[in-house]
Amino acid sequence: MPLRIAVAGKGGSGKSVISGTLARLIARQGSPVLALDSDLLPGLSMSLGSGPDPVVPPLMAATEKQPDGRHWGWREGMHAALAAQRFAIDAPDGVRLVLRGKQGPEGFGAIIGASQTFWELVHGLVDAPEFRDWTLIGDLPAGQYQVADDWAPYASIYLVVVQPTMQSALTGRRLLRVARKRAPEATHLVIANRVRGEDDVAHVEKLVGEDAFASLPFDEDVAAAERLGRAPLDHAPDSPWIAAMQRLIASLAALPAAPAKQP
Amino acid sequence: MKIAVAGKGGVGKTTVSGTVARALARSGHRVLALDGDLNPMLGVSLGVGGEQTELIVAARQAVAAGEEEHAPTIEEIVQRFGADAPDGVRMVIASRVEFMDPGCMCCGVNPVNLVRQLEHGDRTVVCDLEAGLGTIDRIEEGVLDVLLVVTNPTGKSLEVARRAIEAAEAVAEIVVVANRISDESDLEIVREVLGDRELFVIPEDAVIAAADREGIAPIDLDPDAPGVAALVRLAERVAGAPVAA
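Note that the protein sequences, when read in sequence, are chains A and B. Per my numbering, residue 1 is the first one in the first sequence, and the count goes up by one each step. Per my numbering, residue 1 is the first one in the second sequence, and the count goes up by one each step.
Hint data in this document are derived by calculation from the structure and do not stem from the laboratory. No experiment lies behind these values; they were computed from the predicted model shown. Accuracy of the hints is not assured; some may be wrong.
As the list claims (entries may be wrong) - Partial chain A-side listing against chain B, Cβ under 7 Å, derived:
1) Gly-11
2) Gly-12
3) Met-46
4) Pro-52
5) Ser-115
6) Gln-144
7) Tyr-145
8) Ala-148
9) Thr-165
10) Met-166
11) Leu-170
12) Thr-171
13) Arg-227
14) Leu-228
15) Gly-229
Stated by the list, open to error - Far from chain B, some chain A residues (derived; all Cβ distances over 12 Å):
16) Gly-30
17) Trp-74
18) Ala-88
19) Asp-90
20) Asp-149
21) Asp-200
22) Pro-237
23) Ile-249
Ideal placement from N, C-alpha and C gives every residue a C-beta, glycine not left out.
The whole structure should be built from the sequences, with the hints applied where relevant.
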């Protein structure tokens, strides 16, 4: 069974860098990987190594406004899997990346259609035979909104990323609560990120109130990659953080298969 | 006056908002702190504490739950659902995403409308906005006196800051806050993306990091720490008058 993962957490906790690195490392193992960026900000694209502003075919072209004037639905002949194939771009290591769209001075109205289209797309992928053998990795924006609003219906695993600070831990706690309510069949795991030792892991576990499934070390080389806006896998492939990511993938692959959420 | 704070998640928006609000209150301003993030954390940096922050009811949910029989005014919301923070700061959480919200995100009591409608009068309103550009994309001219755009010396946060400036430049005075700056090379990273724009620099500070770790207001841990003192100066700059730490 390919992995179906949603990555959530507070802003700045390391969601995108974990999502992007997971996607590329799994792709290097030979699995087809679709990375799903439902954030309006360019975090995942930068962490994958595709830069802040990749040229992306506009996903909204796959849908049109419905007669009710409020909702967007697929154009004739279009469906979720086809949209995912047609509107994804190539990222390093053969990862395919679908972006919800950018946000900028064009304003709020212009993004509603793209948002609805992306939501339709992820829901359509849950059972799409075209992607049955694909690993899906979703990088969710900061906070709980998209978890509550069911933006990762494909996920059988939620990774909740927490760094050893109060705000990050409280966010993790809130996320676990919302994700368990939204997707009770999924497996919900705490990933302690940027820990400088066992004390930091214990701090995360105490504040969140549950054990960490895995911990990823604070790593100067990864911090340097972040400063430069580069993918850690390109900037520091031999760093301890990447090694810990490899171990995380092995642990995730060894989990008992969880039933996917029913559509 | 009305001040809002924006930036990528994790850059220190909430630390800036909470510390600026406390510093202004200490120097005699009547301060209302609005938490406009759907993942509300302002209570932590104001010094209310993590566990207590979890207990504060959000205005939207209180209204949606029918605790108000009649449509409340913004002032009634502040009075009824606000909470008190140290130094006399009054705080209000706009909304939480805890459970399925029956209402529409675009209507009624939501962060954007609260930012718009909160009258300042003789009050100083400090709004901690959601991560990213969601709120500032929707703010019109005349709503804010000052927008603080917070960034770190990292590629992603600078990209978000660049877009925030682009989105808001025409509607508010912008002060760019370069946070967690260790040395000149950090400033170079910031300038590479933002050019010659004036930067208000907040140095990397172990006291702020320790406060973040424990969930304590930095201004309570050590008001004289370099990063905290710089945030007090930022409050002075924004208020246009000296502010006592």
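Task: Numbers of unmet hints, in rising order - done: 5, 20 and 21
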